[in-house]
Amino acid sequence: DAKTTQPPSMDCAEGRAANLPCNHSTISGNEYVYWYRQIHSQGPQYIIHGLKNNETNEMASLIITEDRKSSTLILPHATLRDTAVYYCIVRGGSNYKLTFGKGTLLTVNP
Amino acid sequence: EAGVAQSPRYKIIEKRQSVAFWCNPISGHATLYWYQQILGQGPKLLIQFQNNGVVDDSQLPKDRFSAERLKGVDSTLKIQPAKLEDSAVYLCASSLGGQPTQPQHFGDGTRLSIL
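These protein sequence lines map, in sequence, to chains A and B. For the first sequence, this note's numbering begins at 1 and goes up steadily by one. For the second sequence, this note's numbering begins at 1001 and goes up steadily by one.
For the record, the hints were derived by calculation from the structure and aren't laboratory data. Wrong hints could be hidden among the right ones.
Stated by the list, open to error - So the derived label-pair ranges between C-beta atoms look like this:
(1) A:P21 to B:K1044: 30 to 36 Å
(2) B:S1027 to A:P7: 35 to 41 Å
(3) A:E58 to B:Y1010: 27 to 33 Å
(4) A:A17 to B:Q1102: 27 to 33 Å
(5) A:S28 to B:G1040: 27 to 33 Å
(6) B:S1066 to A:D11: 32 to 38 Å
(7) A:P8 to B:K1078: 20 to 26 Å
(8) B:K1062 to A:K102: 40 to 46 Å
Think of the CB as a built atom: it goes at the ideal place given N, C-alpha and C, for glycine as much as any other residue.
Throw the hints in and build the complete structure from the sequences for me.
What follows is the structure, encoded as C-alpha cells:
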C-alpha cells in the first residue's frame, strides 16, 4: 500500500478554512485517497474519499492534484468541534485495507 | 441509521485473564473489521470478515486472539490469556462490502486495560 505523509500538527482559527495537506507520491492508479478523523475517545469518523476528481460533501472538500501525488482536505468553516486527529489513507492493495498512520492533530482555536 | 455498536465501553482485567468484546455492525453491512489501537498510534487491522467468512487475519495474534462472526451479523473478539501489551482500544468497523468505494464506519471501541 502507498504510504502517506502528513504534518504532525496544525492550528486553525475558528470560522476560518482548515486546509490539511497529504503527500502520497507512490499512489497507484487504482488506489483511492480516504480521509478519516478521530475525536478524543471516539472511533474514527469517515469524512470523504476520491480517486482522481475533486470531491465535496456536507463535511468537507477533497482536492487531488492532477498527478495524484498529493491531496488537500478542506474544512470550509472550522469549528471547535473539528479539533481532532485527521488521517489521510491510501486505500488499495490486497483486500483494500485501511492502513492508518499517525495523522495530523488539528487544533481549532477560538 | 444506527451506527456500529460495541460493548463493553471499558474493561479492566488482570494479565492472564480472558476477555471478550462484542460488536453489532450497521444493518445490512456484509463486511466487518476488528482493529487494535494502541495509545498514540493509528488503528491496526486485526481481522476482516465477509459475511461469516474470514477474509484476512494475517495480523491477528492467533495464539491468544480469536474472533467469530456467527450468522454473518454480530461478532465477538476474544483474548485468552491477556498480556500487558494488549492494553489498547479495540475498534469494530463495518461496510456494505469490501470494495474500495465503500467506506468503513467505526464504533467507539472498547478500552481495555490490563493490570
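Going down the list of hints, with the structure as the test:
no., hint, in the structure
1, A:P21 to B:K1044: 30 to 36 Å, "violated, 24 Å"
2, B:S1027 to A:P7: 35 to 41 Å, "holds, 38 Å"
3, A:E58 to B:Y1010: 27 to 33 Å, "holds, 32 Å"
4, A:A17 to B:Q1102: 27 to 33 Å, "holds, 29 Å"
5, A:S28 to B:G1040: 27 to 33 Å, "holds, 29 Å"
6, B:S1066 to A:D11: 32 to 38 Å, "violated, 44 Å"
7, A:P8 to B:K1078: 20 to 26 Å, "violated, 35 Å"
8, B:K1062 to A:K102: 40 to 46 Å, "violated, 27 Å"
Consistency note: the structure conflicts with the earlier hints numbered 1, 6, 7 and 8.
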